Amino acid sequence: MDPKTQPEIDIDQVPITSLERYSTQWRALYEHKLRLHDVSIKQIILGQIFTLLVAMAAGVFLAENRSALLFIGTTLVLYPALADMLSSNAAVLSTSIHHDIDNLSGSKLWAIIVAIAKTMFVSILASMILGVFAGLVGVLFFETAFLETVRLATLAGAISGLIGMPIMAGATLIVRNMQVNPDDVTAPIETAIFNSLTLAVMLFIASSIT
Amino acid sequence: MNHITLPHRSLTSAIKTSSVAASIGLVGGIGLQFVTKDIVLLVPLLIALPAINAMAGDFATIITAHIGDPEASQQTINKLLKAMVASVPVSAAGVVAVSLFIATLQGYEVTRSFMYLYSWFVFMSFTVVVAVTVLSSIVLNKILVDKKMNSDDVLIPISNVLASVLMLLCIALAAWRLF
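Protein sequence lines, in the order shown, are assigned to chains A and B.
Heads up: the first sequence runs through residues 1 to 210, numbered per the working numbering.
Heads up: the second sequence runs through residues 1001 to 1179, numbered per the working numbering.
By construction, these hints were calculated from the structure, which means they are not laboratory data.
Here the structure is a predicted model, which means the values were calculated and not measured.
Do not rely on the hints blindly, as some may be mistaken.
Said to hold, decoys possible - A partial selection of chain A residues facing chain B, derived with a Cβ cut-off under 10 Å:
| hint | residue |
| --- | --- |
| 1 | I45 |
| 2 | M85 |
| 3 | S87 |
| 4 | V92 |
| 5 | E190 |
Unchecked claim - Here are a few chain A residues that sit away from chain B, every Cβ distance over 10 Å (derived from the structure):
| hint | residue |
| --- | --- |
| 6 | P15 |
| 7 | A171 |
| 8 | M178 |
Backbone N, C-alpha and C define an ideal beta-carbon position, used for all residues, glycine too.
Can you build the whole structure from these sequences, using the hints too?
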């Protein structure tokens, strides 16, 4: 309705109980939204501590299995790019769920399942493409076998994605239910999970292939 | 509103962005591969490698998720900058302390000069990566909003790869020249 055509309401005529009820409701809505979109230094630092502990465990694993880095010459070329690609896809999944879920019509569960499936599909295809580029880099600079690198990238991307993406979607929903902004909290979980998981999967596949 | 369009409004653009971003990310890995022999000898840096890479990704995702949030206000961005100023030294201190502690347990001999140099390197790398990510995210987000593109789909992969490449190049340079 056009505000100009609305009849003027005298605030003094509105019952005090209605004013009370609506002011509390607006306040609650405002605080709920603020909690979900605010920046929290405490949450960011706690998240970084979580990353530190999980990724350091992966670092110790790497230091103890450093010889596996030499099995396939492109492992270190692939590892950061693959881990970053998977964590950024998980971040897209998580932020999209958080930013858009309240505006969705229809089944939210189905929307989330479709979202996870799409993210996995994107991750597997991107891993394969990444493997092709890394394979070419390996052939040009490090004298490594092209197909071995493509296989390593695709398998590692697929296995890590299949395990990690549903975990991330679940984590986003849990964090939202706790009235905490997933933008602050899920990023450390994503990077910690995918940096550790990808490294472990890659070192395992590298040892198995060779 | 359609539930099918939750993440990745367009699958092809998501695949393109992911593949291109990841392929650019190879640059950082190539740098690392060239200095593999040096890094293998620098046990604290090798132990810290996944954590440093993960934390650079964390900062990139947190920064871009807030800058790209349609509900974010100028006040939120200011709070984000303050949060970065507070969390970068804490993260750097955590990485340095834990990696040096584990390396010492594994028999790596840590000298005082190495400790200073290593601490300075980790702190400066985080600072550079966060500063570049904030600036590039603000600029890119404005461009994406003007072009009416979904910033979540594009900004996060680009910022992540940018932060990671920068961080890995810092590590490669440090392993090659600094230590």
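How the hints compare with the structure:
At its closest, the beta carbon of I45(A) sits 5 Å from a beta carbon of chain B; the interface hint therefore holds under the 10 Å criterion. The interface hint given for M85(A) is met, as the beta carbon of that residue sits about 4 Å from the closest beta carbon of chain B, less than 10 Å. The restraint placing S87(A) at the interface with chain B holds, with a minimum CB-CB distance near 5 Å, inside the 10 Å limit. The closest approach between the C-beta of V92(A) and any C-beta of chain B is roughly 5 Å, which is under the 10 Å cut-off, so the hint is satisfied.
For E190(A), the interface hint holds, the least distance from its beta-carbon to any beta-carbon of chain B being 7 Å, beneath 10 Å. Separation of P15(A) from chain B is adequate, the least Cβ-Cβ distance of about 32 Å exceeding the 10 Å criterion. Annotated as non-interface, A171(A) keeps its C-beta farther than 10 Å from every C-beta of chain B; the closest such distance is 13 Å. M178(A), annotated as away from the interface, keeps every beta carbon of chain B farther than 10 Å; the closest lies near 17 Å.
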